[in-house]
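S.K.: Sequence:
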Amino acid sequence: MASSTNRQFPPDVLLHFYALYKRATEKNGFYIPTTNRGDLRSAFKVNALVQVKDLSKEEARKKYIELVELHIGSIPE
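First residue of the sequence shown? That's 1 in the UniProt record's numbering, and the numbers climb one at a time after it.
If you are wondering where the hints come from, they were derived from the structure by calculation, not from laboratory data.
Note that the coordinates shown come from a computational prediction; the quantities given were computed from them, not determined experimentally.
Hints may be right or wrong, so weigh each one.
As the list claims (entries may be wrong) - Derived DEER-like restraints, expressed as beta-carbon distance ranges: (1) A43 - S74: 10 to 20 Å; (2) L40 - S74: 33 to 43 Å; (3) D39 - E69: 25 to 35 Å; (4) N6 - R41: 31 to 41 Å; (5) K57 - M1: 17 to 27 Å; (6) E59 - V13: 16 to 26 Å; (7) S3 - K53: 19 to 29 Å.
Just so it is clear, CB atoms sit at the ideal spot from N, CA and C, and this is done for glycine as well.
Produce the entire structure from the sequences given, and follow the hints as far as they go.
M.R.: Written out as structure tokens, the structure reads:
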């Protein structure tokens, strides 16, 4: 639902989606993207990931679902 919606979200909401998704789906521990370009967008992504680093994968998955339901609608069972 989140990847196929046409809704536009503020950047902070998009960063929450990004960080929770990455944390919930990362296979080999904590994920930090490479930031060799030093651009602002990468810095914001890293900051968002650091904010969720202490969540377990299951906690991140649940919070991601809550975020989808809050901003997009209920996820069908």
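S.K.: Between E59 and V13, does the C-beta distance stay in 16 to 26 Å?
M.R.: holds (19 Å)
S.K.: Can you tell me whether the CB distance of S3 to K53 sits inside 19 to 29 Å?
M.R.: holds (23 Å)
S.K.: Between D39 and E69, does the C-beta distance stay in 25 to 35 Å?
M.R.: holds (32 Å)
S.K.: Quick check on a hinted range of 10 to 20 Å for A43 and S74, using CB atoms only.
M.R.: Given about 34 Å between the Cβ atoms, the range is violated.
S.K.: Should the hint that N6 and R41 are 31 to 41 Å apart at their CB atoms be regarded as holding?
M.R.: Once the Cβ atoms are compared, 22 Å apart, the range 31 to 41 Å for R41 and N6 is violated.
S.K.: Given the hint of 33 to 43 Å, check if L40 and S74 actually sit that far apart at their C-beta atoms.
M.R.: Roughly 35 Å apart at Cβ, these two residues keep to the hinted range, so it holds.
S.K.: Lying within 17 to 27 Å: is that true of the beta-carbon distance K57 to M1?
M.R.: With a Cβ separation near 20 Å, K57 and M1 satisfy 17 to 27 Å, so the hint holds.
Consistency note: the structure conflicts with the earlier hints numbered 1, 4.
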